[in-house]
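Participant: Letter by letter, the chains look like this.
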Amino acid sequence: MSNTLHTRRKFLRTSMLGAAASWTLPVFLEKTFFALDALAADAMTQATSGRDDTILVVLQLAGGNDGLNSVVPFVDDAYHRVRPKLALPPDKILKLDSEIGLNPRLTGLKSLYDSGQLAIVQGVGYPNPNRSHFRSAEIWQTASDADRVKNEGWLGRYFDNCCRGAEPTVGVAISEQSPQAFSAKIPTGVTFSHPEQFRWKASMGADGKPLSEEEAFYRQLIGGAEEKPSLAADGNSISSLPGKFHNDATTEDFLRRTALDAQLSSDKILAIARKYKSNVPYPQTPLGASLNLIGRMIAGGLATRVYYASQGGFDTHAGQIGSHDRLMAVVNEAIAAFVADLKQQGNFERVLLMTFSEFGRRVAENANNGTDHGTAAPMFLLGGRVKPGLFGKQPSLTDLDNGDLKFNIDFRSVYASVLDNWLGAPSQLVLGRKFSTLPIV
Amino acid sequence: MLNPLPVERWDDRAAAHLLNRAAFGATPEEIAVTKAKGLAGAVLDLVEPRVSALPFDPPDWAHPRDLRSLRQEARMAKQNGDTTKIREVRKTEADEILDLRRWWMARMATTAAPLLEKMTLFWHGHFATSVEKVKDGYWMWLQNETIRRHALANFAALTKEMSRDPAMMIYLDLPQSRREHPNENWARELMELFTVGIGNYTEQDVRESARAFTGYRLDLVTQRFWFAPNQYDAGPKTFLGRTGNFNGDDIIHFLTKQPACAQFLAKKLCRFFFEEEPSPSLINAVAERLHAHDLEIKPVLCEIFSSAEFYSDRVMRAQIKSPTQFIIQSCKLLSCDLPGPRVAQNAMRQMGQILFAPPNVKGWDGGKSWISTSTLLFRNNFANYLINGDAILPPAMKRQGADVGFRGAARAAFVDEIRRNPIDVNRLVSADMRNNAQRLIANLSKRVLQSDPPSDDMAAFTNFLAARKDDSSDATVRGLLHLMMSTPLYQLT
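Protein chains in written order, with our numbering: chain A, 1 to 441; chain B, 1001 to 1493.
Honestly, the hints are just simulated from the structure, not real lab data. All the pointers check out, no bait thrown in.
Below, in silico cross-link-like pairs of lysine to any residue (SDA-like), each with a Cα-Cα straight-line distance of 20 Å or less:
#1 B:LYS1085 / A:ASP315
#2 B:LYS1133 / B:LEU1070
#3 B:LYS1446 / A:GLU252
#4 A:LYS85 / B:GLY1081
#5 B:LYS1091 / A:ALA318
#6 B:LYS1133 / B:PRO1358
#7 B:LYS1362 / A:ASP145
#8 A:LYS185 / B:ARG1271
#9 B:LYS1133 / A:ASP147
#10 A:LYS185 / A:GLN428
#11 B:LYS1133 / A:ARG148
#12 A:LYS406 / A:ALA364
#13 B:LYS1133 / A:ALA146
#14 B:LYS1078 / B:GLU1093
#15 B:LYS1267 / B:SER1281
#16 B:LYS1160 / B:HIS1291
#17 B:LYS1091 / A:ASP315
#18 A:LYS209 / B:MET1397
Just a few of them, taken from the derived set where beta-carbon distance is under 10 Å, the chain B residues facing chain A:
#19 LYS1078
#20 GLY1081
#21 ASN1346
#22 VAL1361
#23 SER1372
#24 ASN1380
#25 ASN1384
#26 ILE1387
#27 ALA1391
#28 ALA1396
#29 ALA1460
#30 THR1476
#31 HIS1482
#32 PRO1488
#33 LEU1489
#34 GLN1491
Just so we're clear, the structure is a prediction, and the values are computed from it rather than from any experiment. Note that the Cβ used here is the ideal one computed from N, Cα and C, for glycine as well.
So here's chain B without its partners, still in its complex pose (with noise of 0.2 Å):
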């Protein structure tokens, strides 16, 4: 059981909290704005925001194609010592998929409807698949794209999307499964990372399932899904202590009917919204309404956000931001534009996110094992890029782009995009502010921190101000916020 937040308690900091987890953070005044429209006014905003057309076109490039054809012209190609082709092919699927994670980022950054970013990027994660096995941009977007179709709405009408999801298909092996010869990988994964977790099947389970799933099959010249009955297993299967001829969406519907699926997912919603460790008694809660809710995942996102636990202070300014939510809070913080796409993929990489490549199947693990030493002084020097600008890199990087892992044309390029000027300082502090060193310090604290500084932080901050005279000059004031931006405290949200 969730217990409902008491109005009392519905203030600026549980507004920025909010906007923090289900959104990507927001400015002190859109955290004004939310605070004034009342918690169930906010909640409700976030759900179901009041825009009638998400103005978000697709990538141009974002069609399908005849990649049999392209596929063979290049092999053939090849075959007669002609690689231009298949670097051609190499090169268009590199360029797509940087277009892609910009594309998203900026959605991200931009939209009015952030939950819904913010749950696809959960989905994302939760149903890894990865670029590097799919190789084709216009099947890594059409994931995204139902993924963030299915993001609120129902957790086993998704599951049975991405049985059929090309990409998803490709990245599981699922396309290469026979009759005679069923492949158990996207069987397994489908039980032990997507619905139900270990321990709650059997190998048993995973052959015969996998059974269920054969006769997926991908056209390469459409590149859809299509369904092919001479591949497909149509015998009687067992399968959690039930027999039939199981086809996969029966598989799917028997899993998400287990208790241990509400279970399962609770507890990453729990990790991705409330804390790290989530306690049993809070799993519980969640697993139960997402049971009560048919894991329709809209109405519990509602109950969560509304609830007294959701706003607690061990879950409030309590999780490590991810890199994606990194980038995209600091920009909106500090109301300058998201860096160039080969500067915030190289900047991904280091941090240890790229979107649409996780690690492997298991997706991120987040939490801690977001930052280590190396890490935490990348996003220390990021933030003082995105503050200083280029001024602040080494001649070599901004010459040659020395060690960006980016070549030929795409090194110049990245070059090329590394070029920033500093944030202007004069949208974010006024003049009365520039006068008051405490004054100064209390509004961007508020604005980087969301709230006031702790006693330590704040003493460094006026010994910063004292040291440089209480000159109020814009180096000064990105020099603080840079000091903000590298405390504890800003890693987390």
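Chain A with its partners taken away, still in its complex shape (with noise of 0.2 Å):
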């Protein structure tokens, strides 16, 4: 480790001092060099070269997923019982076993699960739970319990704990606006949800063109100049000005390294996005593009441990039994592209996939034909690595909280499980304490 940390920063000495212009390098910059020596110590922080850790996908279905007819306990009566409306045929199954099945649009999950490479965790929840959309994804996002407030997310927990020194883009959100799940005490990770817009824009001359000059000495500005990305074949970027670290002298050098930073990872994420198409059509839908988006990062070997991704409207309260099914097929599609995208890259043993919601819901439909705020859900963990099967147990329909589900997992225990075995993080100290774990990866 030290020994890249040599290497990288003589490429940068070199790189900087060999600029033309009559620049030095600045303070921060030495003063950052001194940390990282430091930091090459902390055996805490986590390599990220981009072409062969882990990488952890986290797929949102926001708005509330209807879990029972995600993941569906056909034989079950009570299921049809309440939900005369809603219930999907039994013959229209994909099934699992002989009492659960798949909604009848996952198609490309029910491969991976003949396949052996979707976990699928059942009845997962947390003691009390909330049924607003805006608190219980917040619990979800910061690992919380249901009557404390935390402020930084799980992953932004996992950042600060474990990835300090690594580039920014350690973790990349397909986004407008950052994850809860993202936030840090040290704001770590970029969030984009186009390329083009990840990138710092000249302002408009006379001719209706950038000014071509004010780039130039904006790179010159915050210490970027000369820097371009480079794609070499150890994919461990460039000039890899590392990241976060909490020892920055003033505000002002916090201020000027992250400018730097996100200059650098604007420049790498743009080349990439450049240079890397794939061959595998992707349906044309949101999501469609933001899985796109992180097959191409993962081809190109961007530095990052953790890709967040979201799809919304699942909060289906009235008309569902067309909408869940539409949603469905979109998720479906999405992710059976994702999937034959990274196996032709060869990169699927390295990516795992996780889905989660802020809640499942109601077990009885309501009088629109929709369902309203429930509590436990499944969760799928799909990739080249997954320990298959159905873990946990289908919660019963009949012995219910309040007309909900009692949650048999908690997903911190999921959390755990992906932390310790997947991203070979301490999920005690990210969490703050310990859950059990699960065989799924």
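Mind assembling these two chains? They're in different frames, but the hints should get you there.
Facilitator: Shown next, in the form of structure tokens:
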């Protein structure tokens, strides 16, 4: 590790001092180098090469996905009794065993299940469930107890505790707004929906074209001049001016370094986006576009451990039968394309995709052919090295808590399993206490 | 003990600093006026603005309605399969909160009493309440007005008002608190986040004080607080070591008399007005003043703004602008209009501070947490938009408002709103500045950064003008302004 750092350092120095402009290595960079050396001794810091580490892709199903019509207890009489309109016909179900099957639209997930690359954790929730979207999503994002408010997200705490010194692209959210799960003491991770928009833009000249001089001097200003994104063989970026340190001497140092981080990450992301295109056709949906972009970033070896994407629309209070099936199809098609892409790249073994939703829905359907906010629901985890199968129990449809399912696996057990056994990060440190793990990865 | 600022240290830089922190920034002309008033005069003008009436009418929709009937009707219609009513209710809610955000930002940008707005913003972060749960524009507006009325007055009185504030009550589940089942949410946050902080009370204190706040109710017809004696637990409670038939106001009285309360509030004020990680001695000094003034805010702010500590090098120009400050101050400096409400709301979302929708009851962390690679690039590009107008936006966004999160008519309105002309450069620079690169840089730098730029930045500005062959067209001046507003230093105030 320390060897790599010295190489990076040398590269940086050379390229920066070699720059033509009449300016010197900024003092804050000098300080950063010392911090780096100190950091190399810190075993907690995870290397992020972008080429050989494991990668987690988190897929949020926003609005509260109807778990019972995703992973269906199709032989349970109670299911058909309380959902006279919404229960899916048993003959259409993609059967996983004699009692449980998948929504008919989840054909891609069914093939993954059959080939041993899909784990389904049933009945996931948490004690004293909250039925507000806002609050329950926050609980999932921050991995807090229901009666405690935490500001940092669970992935933010992973970045804070385990990825200091990593590049800012260690977390990438394909979104307009950073997910709360990324909230960290020191903000880490980049958020964008279009690579072309995740970049500094120059003013307009009178001719309606950007002022090219301005960009050159903007780079001089933040110390990123002459940095060219290199897609060198080691994939390990560039320049790699390592990301986030807690020991910036001043707030201004922190800002200068973040500006440089932003420039280097944006150069790198844009270069990958331009160079890597997938041969696999993705569906023309926003989720398809998000997973396509993630696929390209993985192919390009962006130094990233966690990607984040989301699909909304799951708040199916009314007219659920058509809308939920459409959503299942959207998710299924995007995931199927993503998996095919990763397999073609030879990266499927390195990727674990995990879905979550803030809650499942009420067991009984409502008067509008929909379902109201509920509690426990299944999570999907898929990837080349996942331990396949059904985990946990399908909660009883008759032994209910105010009309809602009783959870039997705490979602933080799933997080802990992913942290400990996939990202190689100590879950107790990240989640604040020990949760039992499941043999899913 | 806060030390008074020696008279000779009151200069342009100090005046600019005062207006940055106690207001939302100012133009060089306004800074000169403030400087001329002298320190005492300048501070007095902030805490006692000489305007007889503050001419800010409430938004025209801000009045109580019969929410109970409205919601009942919507629910009934929905049960009959008609969801138009419920969609109407939601649309009204979204329109009103959008307008409330516009109204408050306009007020911050144009008020003659900017400290009042700055403190209202401070308390909004302190007594954080989100429309995401409250779901009513009138109640959010009402809380904003209540906070404003007490913003410079007494903290204990403000806290008592907040315990009866409908938006706060809904946010922390107080109307559901019954004698048989006291809800602890408000009682816990009152201690943990609003008054004394963790470690200064026990779980027993939470449970006992929750009983004291039973009986607090909301009337959905008048949208007002009322007290239900039959839901109130009048029995004896043991709180912070005392026993008596305490009610909610008694609990707040005891809490605000705790030394920990002055300490807790002092730390928050120090973080807001001084620096992100204030020293214990600074916190103690401010806590001591809060205690001496019995938690009256105005005299303490006067002492803060007159102190040498407030104007020290480690404090001046070292605070990261909040997104609110970033937008308002940028528009002031550029002498341009605020962006339209949907554009502003979208920008605030991307920068991480949506007014009336803090992330949770803890409010915004502020400081370094405002800045990530994404938000920093967004700030630079948003400054570019303010300066150069919609010409810099991708065509897809101008045509269809792609990816802005608005749907249907709101998206069309957004597309309409984002049209914007470049700023009028002649309002900022004179002909003789254009003729002299050094003079141009010095003048704009004073406007944008309230100081001369550091030498590295100066070199970049000079080289930029040289590369433009000392062309002094509007485009070059806008480019220079954008370069200045893209400096790390510009993120500081």
